[in-house]
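**Student:** In case you want the letters, here they are:
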Amino acid sequence: MSLFKKVIDGVYNLLLGLKVTSLRLPERAVTLQYPDERWEMPERSRGIVVLLSDKETGKLNCTACLLCQKACPTAAITIEREKGEDKKWHLTSFTVDNTICCFCGLCEEACNFSALKMATKYEFSVYDQSELVFDMKKLQELGRDVPYTPRPKKKKPVVKKPAPAEPAADEMKPKAEPEKETESKPEPEAETKPEAASGDLFDDAKKEPESNPESGAEPAQKENKPDSSEDKKPEAQE
Amino acid sequence: MLSETASLVFYTIAFVTIASAVMTVSLKNIFHSALFLILCLFSVAGIFILCEAEFLAGVQVLIYVGGIAMLMIFAVMLTRQLTSFNVKQLNEQKALGSLVAFCFLLIALGAASKTLSVKGGFPLAENPHISGNTTHMLGNLLLTDYVLPFELVSVLLVAALIGAVVLAKKDEE
Amino acid sequence: MQVGLIHFVALAAILFSIGMYGALTRRNAIGILMSIELMFNAVNINFVAFAKFISPVEITGQVFVVFVIAIAAAETTVGLAIVLLIYRNFKGVFVDRVNLMKW
Amino acid sequence: MELEKLFAFFGDLLAQIGLTGVALTVVVNVLVAAMLLGVLAVMALFLVWWERKVSAHIQDRLGPMRVGWHGSLQTLADGVKLLQKEDITPTNADRPVFFWAPVIVYSSCFMAYVTIPWGKGLIPADLNIGILYIIAITTFTVISLLMAGWGSNNKWALLGGMRSAAQIISYEVPLTLSILGVVMLAGSLSMQTIVAGQQEIWNWYIWRQPLGFLIYIIAATAEVNRTPFDLPEAEQELVAGFNVEYSGMKFAMFFLAEFLNMFTVSAIATTLFLGGWNGPILPSWMWFIGKTLAVVFVLMWIRWTYPRLRVDHLMEFAWKWLLPLAFLNLVLTGIGYELWQRIFG
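So the protein sequences, as listed, match chains A, B, C and D.
Going by my numbering, the first residue of the first sequence is number 1, and it counts up by one from there.
Going by my numbering, the first residue of the second sequence is number 1001, and it counts up by one from there.
Going by my numbering, the first residue of the third sequence is number 2001, and it counts up by one from there.
Going by my numbering, the first residue of the fourth sequence is number 3001, and it counts up by one from there.
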């Protein structure tokens, strides 16, 4: 008897399956025809990394602070800079190697100047691998029309001369200059926790350049090494 | 006698049959042998059709090609070391075996020509044409005159089936 | 030349001899089984040809072919089971290795 | 629309030209074969496209949309692509076997169409062993699959070939037995006679053989290696089974043969159970193709509904369920037929 019940049950379930699929048949498609239609990507989606520039002046927002380079877990970002005559760091090259970028968005979080952003663009296939290494020009071009809202500067208790509410980074620099010597020295460790220490934007920017070039790069490498060796050990054991 | 066209067809099929049979017994690769066996059996089905035995031709293909040859191929695949070219495929009786087969061929052909070519030697039908549906006739014969052998063959098949299962089963202990 | 009964019989004889040669000279048990199938088929050709040329009214020959085919199937199943046993016990399917009863 | 008249006209034309005897037969047969080849090639292309569309719509997708109207020329584009591809033969392959396997699978599935009635009088050859011929000739598929598996010299291919042979042989038994029920009722193996026995819709053999029809559909699904019985080419386990080493045109031949086989079993189901080309108003060949495509759609529907069976379940189902049911069907048919004859005959 239980056999009969089983058989009837099974047949019923099979028919139920057919019913389900037949009901899907007249439904409208939920997919898009990709090259013809595209999803509108949400603004915070993580696509390709672009450099943002000021809308009016067209200059890059980047202050060459190296925060993003340090934040990058895969070392996809490489920044070269030089000290200008105005004793400020100037960007000479900014490359993003998209072959190793993992699209984690840490660089965007690390940036304090709304200088770089993960744009919504996600199609950048090329014919040659080397074309995936984007240089500064390319990144700026990509970021030309990317809308962004400059990050609100929440707390500025340390600032002596409050900056204008929404200044572009380039405009701010001259004003920040005088404070550089006085304020950057007290907190040299701040670089390890940029988010927490970024009470003052200008401060941060000024302080890092000085301490970083040699000392900043080394810790990063040291951090990397144990990581990689840990990664390799289990493999070797296996 | 067959018609001109049918004779031509007969010679073609006969050639294929014999050639593939020779390949079957002579090839070193036993898998290829099995495939030529299939070709041979298939062309024998063609001979059957020439003899107006369509039902048998269908059964021939279904049973031999679909069943027996398939079993052969399975056996080839289940047993290793069959297809390597280093293995000697013929035994020491090669010369003797071919001699015996050749003698048999001569005797058979001699006997056939003795009995069949002589006028009045063998009661040939005047009109060698099977009138009617052979399938129908075959079915009638099998279930009337030959019902006992028919049943015996089915018993034999069941016995062979069980025997094969018992033989091929792995010992429990 | 028009084809008559003699041609069918000759074809069957040739096929049978080929099968016999194979059965006598093959070392491989599966090869021997195949040769035996060839001989069965030679016999079948004879039956069918005789049915056509001698008794086209009552096709007794064809009935026998049915039996032969059935018996061939039975023979193959048992034969292949034996081949598998040989393979299992003698680590190969070469029948000249199966010499336990030879003195 | 009346294709029969068209063919009769062509026959007269050929006779008037002066062809007689063997020459006429040869010419007519070659023409019929060529026509069949053309129709089936188009049908295979259509079936591939249709399968993709049905699967897409069941999964709330659209499927191919780019080539032609709703992607209707997609298969043609794929065919052209496959033609251009490199024809690879593995180094250690058994070359002749590897080469002949797709040829045999393709030609055997064409040969099956010799006795399939496309319409009233539209049958290439009405053999008196019709359905037996089809069953016999389709066994060559198994051989070609085994040849493909063996010839590729690849363990997945070999496993796929072995599995498929085991599966097809197992399911052939209930398939043949389910067909036998219809043969008993029709009293003939000839396809035209079987069709002639089901003039009206209530005469269709499906009403007298519902169990047989069910068994036939299940066994036929297994026979043509379709989901849920597609173990021989289970992508996840065997990558593609017997055709893993095939590329280019040889692969295309396997692929098209698969779809043609599906059409073949549907055509047999139509002929045996669904009244063949019988139907009102429309020309007979339209009825035949329509009914066959309906059966094909059911097969596709089944494919995109059920998951794949496990290999031991597959064998168990064939031998422990379908085979006894098929025997039961046969016995019931015999008893029922005899009773019917006694009471009404």
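By construction, these hints were calculated from the structure, which means they are not laboratory data.
Please note: incorrect hints may appear among the correct ones.
What the hints assert, rightly or not - Label pairs and their calculated CB-CB ranges: (1) D:ALA3008 x A:ARG28: 43 to 51 Å; (2) B:GLU1151 x D:LYS3005: 24 to 32 Å; (3) A:PHE4 x D:LYS3005: 52 to 60 Å; (4) A:THR149 x D:ARG3061: 31 to 39 Å.
Stated by the list, open to error - Simulated crosslink set (SDA-like; lysine to any residue; CA at most 20 Å straight-line): (5) D:LYS3053 x A:SER125; (6) B:LYS1114 x C:ILE2086; (7) D:LYS3320 x A:THR78; (8) A:LYS6 x A:SER22; (9) B:LYS1028 x D:PHE3251; (10) A:LYS138 x A:SER125; (11) A:LYS6 x D:GLU3316; (12) B:LYS1169 x C:GLN2002; (13) D:LYS3320 x D:ASN3153; (14) D:LYS3320 x A:PHE4; (15) D:LYS3320 x A:SER125; (16) B:LYS1028 x C:ARG2097; (17) D:LYS3053 x A:TYR34; (18) A:LYS59 x A:SER125; (19) D:LYS3320 x D:ILE3169; (20) B:LYS1028 x B:GLN1093.
Quick reminder that beta carbons are idealized off the backbone N, C-alpha and C, glycines included.
**Student:** Against each hint, give a clear statement of whether it holds in the structure.
**Tutor:** Structure-based check of all given hints:
1. Taking the beta carbon of each, ALA3008 of chain D and ARG28 of chain A are about 48 Å apart, inside 43 to 51 Å as hinted.
2. Range check, GLU1151 of chain B to LYS3005 of chain D: about 51 Å between beta-carbon atoms, so the 24 to 32 Å window is missed.
3. Between PHE4 of chain A and LYS3005 of chain D, the C-beta spacing of about 54 Å keeps the proposed range 52 to 60 Å intact.
4. For THR149 of chain A and ARG3061 of chain D, the Cβ-Cβ distance of about 37 Å falls inside the hinted range of 31 to 39 Å, so the restraint holds.
5. Distance hint between LYS3053 of chain D and SER125 of chain A is unfulfilled; the C-alpha atoms sit about 29 Å from each other, more than 20 Å.
6. Proposed proximity of LYS1114 of chain B and ILE2086 of chain C is contradicted: the alpha carbons are some 44 Å apart, above 20 Å.
7. For the suggested pair LYS3320 of chain D and THR78 of chain A, the alpha carbons sit about 68 Å apart, so the restraint of at most 20 Å is broken.
8. Proximity of LYS6 of chain A to SER22 of chain A is assessed by CA-CA distance (about 24 Å); at most 20 Å being required, the pair is judged violated.
9. As the CA atoms of LYS1028 of chain B and PHE3251 of chain D are separated by approximately 29 Å, the hinted pair breaks the 20 Å bound.
10. Of the pairs offered as hints, the one joining LYS138 of chain A and SER125 of chain A holds, with about 15 Å between alpha carbons and a cut-off of 20 Å not exceeded.
11. Only pairs whose Cα atoms come within 20 Å are accepted, and LYS6 of chain A paired with GLU3316 of chain D is accepted, the gap being roughly 16 Å.
12. Only pairs whose Cα atoms come within 20 Å are accepted, and LYS1169 of chain B paired with GLN2002 of chain C is rejected, the gap being roughly 52 Å.
13. Proposed proximity of LYS3320 of chain D and ASN3153 of chain D is contradicted: the alpha carbons are some 34 Å apart, above 20 Å.
14. A hinted pair counts as satisfied when its Cα atoms are at most 20 Å apart, and LYS3320 of chain D with PHE4 of chain A qualifies at roughly 15 Å.
15. Taking the CA atoms of LYS3320 of chain D and SER125 of chain A, the gap is about 55 Å. The hint is violated against a cut of 20 Å.
16. The hinted pair formed by LYS1028 of chain B and ARG2097 of chain C meets the criterion: a straight-line CA distance of about 18 Å does not exceed 20 Å.
17. Our distance criterion of 20 Å between C-alpha atoms is met by LYS3053 of chain D and TYR34 of chain A, whose separation comes to about 17 Å.
18. Between LYS59 of chain A and SER125 of chain A, the direct Cα distance comes to roughly 27 Å. Violation of the 20 Å bound is thereby established for this hinted pair.
19. A hinted pair counts as satisfied when its Cα atoms are at most 20 Å apart, and LYS3320 of chain D with ILE3169 of chain D qualifies at roughly 15 Å.
20. Our distance criterion of 20 Å between C-alpha atoms is met by LYS1028 of chain B and GLN1093 of chain B, whose separation comes to about 16 Å.
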